[in-house]
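A.B. asks: Working from the sequences, and respecting the hints, build out all of it.
So the protein lines, in turn, are chains L and H.
Residues in the first sequence are numbered consecutively from 1, following our numbering.
Residues in the second sequence are numbered consecutively from 1, following our numbering.
To be clear, the hints were calculated from the coordinates, so they are not data collected in a lab.
Each statement offered as a hint is correct.
Residues on chain L that point at chain H, a partial pick, calculated with CB under 7 Å:
#, residue
1, R89
2, R90
3, A149
4, E164
The C-beta atom is built at its ideal place from N, Cα and C for all residues, glycine as well.
There are 2 protein chains.
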Amino acid sequence: MPAAVAQAMLAEGRALRVIAIEGIAERSLDRFGATWMALGQLGRLFAFLRRENCGGVVMVGAMHRPALRAMRIDAYGWTFLFDFLRNIRRGDDGMLRGMSRWFEERGFPVLGIGEVAPRLLAPVGRLGAVAPPPEALAAARRGLACLDALSPFDVGQGLVVLGERIVAIEGAEGTDAMLARVAELRDRGRLPRAPSGVLVKAAKTGQSLKVDLPAIGPATIAGAAAAGLAGLAVEAGRLLILDAAGTAAAADAAGLFLFGLSRGPAA
Amino acid sequence: MPAAVAQAMLAEGRALRVIAIEGIAERSLDRFGATWMALGQLGRLFAFLRRENCGGVVMVGAMHRPALRAMRIDAYGWTFLFDFLRNIRRGDDGMLRGMSRWFEERGFPVLGIGEVAPRLLAPVGRLGAVAPPPEALAAARRGLACLDALSPFDVGQGLVVLGERIVAIEGAEGTDAMLARVAELRDRGRLPRAPSGVLVKAAKTGQSLKVDLPAIGPATIAGAAAAGLAGLAVEAGRLLILDAAGTAAAADAAGLFLFGLSRGPAA
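C.D. replies: Following this line, the structure appears as structure tokens:
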């Protein structure tokens, strides 16, 4: 995902500097001239942002919690430690919100991916060639309401709904593992025959759109197809599609629908 | 579970007849003199209930959806088919509620397990030797609130919460598979070191207590221990503990707490 965002920013003519976190980011970011830092080198980080005259910060990519010694905390970094440890206990959302505050308080506004690379956001309506049946859209809306109910608990960026039945909810295992679980339930005859069911993905309500937007890509389509689903419904405007053309093509090839749900009265 | 309920009813001096559903119930019910029927033999079922002068019906055990041909639907059974198919689409809760209505409308009140075998219900407070730390109880209450938020969607009889973070929510895969998932996340370093985390189990709010109460037993303790959890918190009065003594002993042996959460202001 970081590479997709960098690519989209360049395509929109934006200047950018890439800071890659050691042990977390992928080496392929080097093609954007990435500067590598350990997570704890906050003195170095803020010096870099000032020196390069950065007008804002975009946080991209999944965040693992690295071992303390791998963080190489510098003198300035230690002053953040207490806040960092407190944020970690507040879940992904809390941690990212806390880190955003560090940037904002030092004069670097945190920008959302939607602001710097709007072409990555899911549009409203049908994306591929397959039209979703009305029942599937009704099921997807029910799924979206369920995800909304989970948002205050900082969990649930995805679920699988079959007809009126929610069969899987995404936790720390992530979307791909949830889809593998549905495939296994199907193989073992615990679910009706394929193709049926919808993968619903949405950002949490109240979630900062600056950070940690959920995303799908061609791999998500492959997982949904293996799980015997009829299609995917994603929240328009708040969910990233990595490689939109490739994702839509994969959906077409698998015979799945791919639909951007709006939150307005009509979809 | 059906055997545990039959045993508890006999221990309380109640007369009972056991009807075992072919392809679903276990052969071991024969020791209660079970009468075997296919799921579709509703004519035979209601004739039996009348002939034996049954004063009520208790529905016990997990319900698979059998293949249509295995149901051996009799003449009377066919008159229920449309209602049955409609109920199936409404999830487990909807199906059980629909089946309850069939009994009630024909003069056989559906009784809850709590009514006929109250000794199986989880009591309030500590059950084993290990006392839950206050943070774990706070996390468990947060988990209970999350399950309550899911209830309107007929999903979520269990979850695993670590500190302020909900890491797994139970769907169609069931509690044991969810615990196995947490064990795997832990093995792969995606979660903090054990022992930490609480398995929270509750009945859905608004769920009929007549049917389909969630249950735990010694196997649940084994799964929670393998997942590196610190303990289990279950909803008191609305959750069944199969073999309470064996379950508490298993928790003690594994060093896990086992606690019955009340919904009142104090626990």
